[in-house]
Amino acid sequence: MIYSVIQFAYIIATALFIFSLHWMKDPKTARHGVFAGIAAMTVAIVSTLLEPGIVNWEWISVAIVLGFIVGVPLSKVPLTAVPQRTALSHAFGGLAAGLVGTAKYYLWLETPADLTIFRMIAIIAEIILGFLTFTGSLMAAGKLQEIKWIPQRPVTYRGQNIINLGLLGIAMIGGIAVIVNPVQYAFIFPVIIVLALLFGVLLVIPIGGADMPTVISLLNSYAGLSAVAMGFVLDNKLLVTAGALDGSSGLILSIIMCKAMNRSFTNVLFGAFGQVQAVKAGSETRTVKQETSEGAAQILEQASKVVIVPGYGMAVAQAQYRIRELYDLLTKQGVDVKFAIHPVAGRMPGHMNVLLAEAKIPYEQLVEMDDINSDMPQVDVVIVVGANDVVNPAARSDKTSPIFGMPIIDADKAKMCFAIKRSMNPGFAGIENDLYFAERTFMLFGDAKAVIGELVKELSASQAS
Amino acid sequence: MNVLKSFFLHYNKILFVTLGYFIFISDIAFAEGEATHSEPDYIALLFVFMLSTFIGLGVVTRVSRLLHTPLMSLTNAISAIAVVGSLILTGMDHPDYITILGAIALFASMTNIVSGFMITDRMLKMFKSKETKKS
Chain A
1 MIYSVIQFAY
11 IIATALFIFS
21 LHWMKDPKTA
31 RHGVFAGIAA
41 MTVAIVSTLL
51 EPGIVNWEWI
61 SVAIVLGFIV
71 GVPLSKVPLT
81 AVPQRTALSH
91 AFGGLAAGLV
101 GTAKYYLWLE
111 TPADLTIFRM
121 IAIIAEIILG
131 FLTFTGSLMA
141 AGKLQEIKWI
151 PQRPVTYRGQ
161 NIINLGLLGI
171 AMIGGIAVIV
181 NPVQYAFIFP
191 VIIVLALLFG
201 VLLVIPIGGA
211 DMPTVISLLN
221 SYAGLSAVAM
231 GFVLDNKLLV
241 TAGALDGSSG
251 LILSIIMCKA
261 MNRSFTNVLF
271 GAFGQVQAVK
281 AGSETRTVKQ
291 ETSEGAAQIL
301 EQASKVVIVP
311 GYGMAVAQAQ
321 YRIRELYDLL
331 TKQGVDVKFA
341 IHPVAGRMPG
351 HMNVLLAEAK
361 IPYEQLVEMD
371 DINSDMPQVD
381 VVIVVGANDV
391 VNPAARSDKT
401 SPIFGMPIID
411 ADKAKMCFAI
421 KRSMNPGFAG
431 IENDLYFAER
441 TFMLFGDAKA
451 VIGELVKELS
461 ASQAS
Chain B
1 MNVLKSFFLH
11 YNKILFVTLG
21 YFIFISDIAF
31 AEGEATHSEP
41 DYIALLFVFM
51 LSTFIGLGVV
61 TRVSRLLHTP
71 LMSLTNAISA
81 IAVVGSLILT
91 GMDHPDYITI
101 LGAIALFASM
111 TNIVSGFMIT
121 DRMLKMFKSK
131 ETKKS
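Taken in order, these protein sequences are the chains called A and B.
Numbers 1 to 465, taken from our numbering, label the letters of the first sequence in order.
Numbers 1 to 135, taken from our numbering, label the letters of the second sequence in order.
The reader is advised that the hints may include incorrect statements.
[Said to hold, decoys possible] Listed below are the simulated BS3-like cross-link pairs for lysine-lysine, each with C-alpha atoms no more than 25 Å apart in a straight line: (1) 338(A) <-> 125(B); (2) 305(A) <-> 128(B); (3) 128(B) <-> 338(A); (4) 289(A) <-> 415(A); (5) 449(A) <-> 289(A).
Read the hints as simulated data drawn from the structure, not as lab findings.
The task is simple: from the sequences and hints, build the whole structure.
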C-alpha cells in the first residue's frame, strides 16, 4: 500500500518537473517553473520519507540542515560568479551519485546474489560518471573562480589525449572485470574510483575560458546521466525521469554551444585549442584608428540605430550598469538600442542575458545572433564591449583562421563600429581580430566600465545643454 | 534539426501521457514483486529513461534562449533528485560507514536543491519586459 502511494507521488513529481521545464519557454511564465520544481522536489522528499525502514532521523536532519547552511549563501553569489556556482553544483551532483553508487556496491557485496549484471553495469556507469563529473566540475569551477594554483590557460602536453583515453580505457576494462565477477574483483572497485577522479581532472585541464560554456553544459549532462544511473541502481523511476530531463537539457545546451563555435564535442574536449595560435599572432603589424569618447558620443547622438555586442570582458569589468545608463540616455533620445547576444559570449550559456537583465535592461532588447545579423547593414553604430572572437570577420573569410566557419555577429557590416578594449593584446588563443583593423572601426581604449562611463557623461552633458 | 523540432512540438504531449501511463501501469504490475531482492525490472526502467529523454529534448528545445543560464541552474536543482536515493541510503539501518556516505550525498544534493531553486528564482525575477517596468 505505502509502496503504491510513494510511486504515485513520484509520478506527480515527474509531471511537475516536466511542467517546470515547460514553463521556461517564456520569461513571463518562467517563475512558475521554479515553483513547480520546488513543489515536485517537496513531494519527492516527503514521500520518500514515508518509506518504511527509515530510522536514522538524526543523520538525515543534520545533512539537510547543513545543506541549507551551505546552499543559501551559494544562491546569493553575485551574478558574475554564476558560472562557478553552476560548475560547483555539478560537482556536488556528481559526488552524490558517486557516493551512493559506492555505498550500494559495498552493501550488496555482503549478499552477492543482489549484484546482478544489470545492477553492476548501472553501478559502474554511476561511479565513473559521478566521480569524473565531481573532479571535472571542481576543476572547471576553480578555473572560473581563478584560483591561483589552478592554471587558467589550457594546459597541454604531448600525448595528452592518449593518456586521457588510456585512463578511461583502463577504468572501463576494470569496470567490465568487476561487472563480470563483482566479488572476486572487488579490489578493482576503488581503482576505478581513483581513475575516474583523475580522468575528470585531466579532462578539464586543457580547456580554456572560451570553451567553458560547452564544457559546463557537457558536465551538466553527465551529472544528469549519473542520476539516471543511480535510478537504475536503486530501481527508482523518479531518479530516472528527473535525471533524464537534466541529461537531455545539458545535451541540447552543449549542441547549441558547439554549433555556435562550429566545433564538435571531440574537438572541444580533445582539441586543445590553446597552444597552436601563438605563432600567428603579431606576425604583421597593422594600424588601428582610435577615437576619443567625446567624438564617439557625438557620433552616437546622430545615430538612430545602435547595437551593443557584449562579451566576457563586460562581465570582468562589471560594465553592465554603465551600459544600462548609456541605454537609458540613448533611448531617451529616440535611438533604437539593441543587444546582440552570441550563444557562446561569456562563460556559460545565456551568461550575458542574465547580466544585462540584472542591470534592468528589458529582455525584448536582447536579440539572438541569427536575428540581428540581417539588420546589421542598417545599423548606424555597433559598440563592441569586451567581445572578441564572436565578432571576428576572419571566421567568415580567412580559411587559415582557427575560428573559420564559426558563426559570428556581423559587427563589421554596420555603418560604423566602436570597439572598447583595454589594449591591443589579442584575446583567447591569440587570434588577431580583423574587425579592429577594418576601415569603419574605431577603437576606444580603456577599461570597459570607465569608457562607457565617459560616453554617458558626454551624452548627458550635451543632453542637458 | 528542424524536422526533429516539429516532431517534438507535436508529439510532446502524446509522449508525456504515454510516459505517465507507462510508469503507472508498470508500478501497479510490479508492486507485488518489490519485497524480494530479485533483479529490478530493467526493461521498464530503460523504457522510462528513453521516453523521458525524448520529453526532455522536446521541452528543452523550446526553452527561451534568454533563459539558458537559469535553465541550467534549474536542471541542476532537478537533478539533485539524487536526494531521494541519498535519503533512502542514509535513513535505512545500515553499517555506519554506509550511513556516512549517504549523509554526505544527502548534504550535497540538499545544497544543490536549495541553492539551485533559490538562484534560479533570483535570476528570473530580473528578467523584466518593457511593459512591466512602466507599471
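Going through the hints against the structure:
Proposed proximity of residue 338(A) and residue 125(B) is supported: the alpha carbons are some 21 Å apart, at most 25 Å. Taking the CA atoms of residue 305(A) and residue 128(B), the gap is about 22 Å. The hint holds against a cut of 25 Å. For the proposed pair residue 128(B) and residue 338(A), the alpha carbon gap of about 15 Å is at most 25 Å, so the pair holds. For the hint pairing residue 289(A) with residue 415(A), the CA-to-CA distance comes to about 15 Å; that is within 25 Å, so the pair holds.
Note on residue 449(A) and residue 289(A): the hinted pairing holds, with a Cα-Cα distance of about 21 Å set against a maximum of 25 Å.
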